[in-house]
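Number of protein chains: 2
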Amino acid sequence: MKIFHLGLLSLGLLATVCVADTDVKTERYEITIKPVATGLQNPWGLTQLPDGNFLVTERTGTMRIVSAAGKIGEPISGLPTIEVKGQGGLLDVTLAPDFSTSQKIYFSYTEPANGGNSTAVSYGVLKNNRLENVTRVFSQQPKVDSSAHFGSRLIWRKDGTLFITLGDRYERKDEAQTLNTHHGKVVRINADGSVPKDNPFVNTPNALPEIWSYGHRNMQGGAINPTTGELWSGEHGPQGGDEINIDRAGKNYGWPVITYGENYGGGKIGDGITSKSGMEQPLHYWVPSIATAGFIFYTGSQFPEWNNNIILGALNGKTLVRLVTDGDKIIHEERLFSKELDQRIRSVAQATDGTIYFITDDPKGSLYRITRKP
Amino acid sequence: MKIFHLGLLSLGLLATVCVADTDVKTERYEITIKPVATGLQNPWGLTQLPDGNFLVTERTGTMRIVSAAGKIGEPISGLPTIEVKGQGGLLDVTLAPDFSTSQKIYFSYTEPANGGNSTAVSYGVLKNNRLENVTRVFSQQPKVDSSAHFGSRLIWRKDGTLFITLGDRYERKDEAQTLNTHHGKVVRINADGSVPKDNPFVNTPNALPEIWSYGHRNMQGGAINPTTGELWSGEHGPQGGDEINIDRAGKNYGWPVITYGENYGGGKIGDGITSKSGMEQPLHYWVPSIATAGFIFYTGSQFPEWNNNIILGALNGKTLVRLVTDGDKIIHEERLFSKELDQRIRSVAQATDGTIYFITDDPKGSLYRITRKP
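First to last, the protein sequences are chains A and B. Its first residue numbered 151, the first sequence is counted upward by one per residue in the numbering used here. Its first residue numbered 151, the second sequence is counted upward by one per residue in the numbering used here.
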């Protein structure tokens, strides 16, 4: 255990925060979990910039650059109106595929309208800690007066289209099975917000054309499998039944008709069954729930034996999970750590040097870095 | 918890053993684990007879009928010479597919010869607690002076052929990769010991024609998937790397070239890699090892939500594991219990009434029954 001194002087704070490194022996590596920055308000989205620093969203409605050394920047200005309520607020952030030339970033957030709200996605050009030319490219329909199940991960497909994972809005879960709302769906749009012509329901009457897959509950994690190019998503079940799925065009993932979970406090959901013809089975599921959050497919040089493994954060489970994949299968699960840190993990990112960063969901949340123990 | 009185008077023992039922709340059911009989010497094989009683082998070289009520019978006579040494002795037992007319049972055991030993399989006709017309149908080649890694589960394929899982004999692990020995192989024979004409290597020069698949370490569990008809096997890795595989004709499962385990005490095995072209990946694996033993695919009426799930015993892990399958995938793992019982589990059997029986590996091992808690 080493003592780590966070230099917060640059924030005008005359304090030295002493937090310790944590060493953990995992199946394949001894790792060190280093606190990089703390005091982030419920951080939600995390992505690395080409200069090595990080973009972090705070659910409370701010976005900041956190330097690789842990310096927390001032809020980035120019964000649209965001409703901060329950699970809602500023959520995910991702760089445009052409960020190096366009400086565009995409972000998801809770958008208020008509006495309700829903998830929206906008982009803006990041310039001098300010977003310019902010343009909305997606707005989940319909708006609902709810404070829960907003999704929403933003994942670029290799063809330049954007996947957005959208929650069922909790009270409206039955609409995860209908194609005339965006509730409980993965949608796919072009970078400018238009609808890709090859989306599965573009020619289906009364179906919203953005829909890619349906029958979802609340997906707070997703990533492209680097080998297959397909979208894998992580979905919160109710009390039990968290899932990993491969999200394929036009497929029905069964919520709320089939689930491995049950209602909070007990009792069956839907038909009380776990499988049904025409509905996809998960690749992997957890009972009880761990509350799956953001994840990556690891492809770095720091942990070569984790190549193509999923590294997944969990909220309620307070654990970082490693899932070994083989083609379209998950063949092994390791909980890299849980009690050693005892914090809700919201998002995970791989840095260009192959180390892994993650953020914790807390009013005083932190950014951590995982390296191999020297 | 209820107190259960074992009636051992019929054995001439004037003792009343009081052992308790154990109730466990699992993900899907509250179950009760009831001791049925105790005092079995390292029981290894377990199968139910049509009359509801059980055939149990003891590794120490005896086979007995244990009644459904828990009465332990006298040793069945007529067994061949068995070498009881290390992991060797009398091992698995299974009824012939035509048992109801032939009364034939098949059993595997350690056969001494030429200063060494190996796994052999014989059948006999069970009559009045005696085996008659005992006939050897398989003898693993070559004989080796070793006390370890004998396999050996006996599993009937739907076509009436018999799979035998065979260990690598520990000191001879490299021969799991060569086709001129039976070390580290699954073999397939006809009920009379002859070689099925469609075995994968019958036309391969210098290959033993009984071989079905190779590159195995020590498989102590196996069962036919009732949906697909294929053989699934459970394999002991070294320190880490226990596996579940689907054993397909002619396939190479990689041992000792690839493994997710490492040597006892640490250090790489073989090439120190986990995958290689031409070698199969496991469906599921455990690090650290749980020491996978016998398992079934559950198909009974007592636990309908466990339909087609694997129920697998573990020795070192002292746990009973439930694996949820979906086609050729394993999508969820539950440890039904471990510390609640704290005993090494060797074999599992499904009774005709849908309850589950298992035996524990101990010089005073027990037969247990799992029912739904009323």
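It is worth saying that the hints were derived from the structure and are not from the lab. Just so we're clear, the structure is a prediction, and the values are computed from it rather than from any experiment. Watch out, some of these pointers could steer you wrong.
Treat identical chains as interchangeable: a pair holds within one or across any two.
[Stated by the list, open to error] Below, simulated BS3-like cross-link-like pairs (lysine-lysine); rule was C-alpha separation at most 27 Å, straight line:
1) K418 to K523
2) K221 to K418
3) K401 to K184
4) K184 to K221
5) K308 to K221
6) K184 to K308
7) K426 to K479
8) K254 to K523
9) K514 to K347
10) K235 to K347
11) K401 to K418
12) K479 to K401
Which holds for K514 with K347 at a C-alpha limit of 27 Å: within a copy, between copies, both or neither?
-> Answer is neither; intra-copy 44 Å and inter-copy 69 Å both fail.
K426 and K479: within-copy, between-copy, both or neither at 27 Å Cα = The answer is both: 20 Å in one copy and 17 Å across copies each meet 27 Å.
Checking K184 and K221: alpha-carbon separation at most 27 Å within a copy, between copies, both or neither?
-> within (14 Å within a copy, 60 Å between copies)
Intra- versus inter-copy proximity for K347 and K235 (alpha-carbon distance at most 27 Å) | So K235 and K347 fail the 27 Å test inside a copy (35 Å) and across (70 Å) alike.
Tell me, please, which holds for K479 and K401 at an alpha-carbon limit of 27 Å: within, between, both or neither?
-> both (18 Å within a copy, 19 Å between copies)
Is the C-alpha distance from K308 to K221 at most 27 Å within one copy, between copies, in both cases, or in neither?
-> Answer is neither: 32 Å inside a copy and 66 Å across each miss the 27 Å cutoff.
Identical-chain pair category, K221 with K418, by Cα at 27 Å | neither (48 Å within a copy, 41 Å between copies)
Given identical chains, is K184 near K308, meaning Cα to Cα at most 27 Å, within a copy, between copies, both, or neither?
-> For K184 and K308, neither the intra-copy (32 Å) nor the inter-copy (56 Å) Cα distance is at most 27 Å.
Homomeric proximity label, K418 with K523: Cα distance no greater than 27 Å | This pair counts as between: shortest inter-copy Cα distance 19 Å, intra-copy 46 Å.
Taking 27 Å as the upper bound on the Cα-Cα distance, should K401 and K418 be classified as within, between, both, or neither?
-> Within one copy only: 24 Å inside a chain, 43 Å across chains, cut-off 27 Å.
Tell me, please, which holds for K254 and K523 at an alpha-carbon limit of 27 Å: within, between, both or neither?
-> neither (36 Å within a copy, 59 Å between copies)
Should K401 paired with K184 be assigned to within, between, both, or neither, using CA atoms and 27 Å as the limit?
-> Classified as neither; 41 Å inside a copy, 44 Å across copies.
Checked against the numbered hints above, the structure violates hints 2, 3, 5, 6, 8, 9, 10; every other hint is satisfied.
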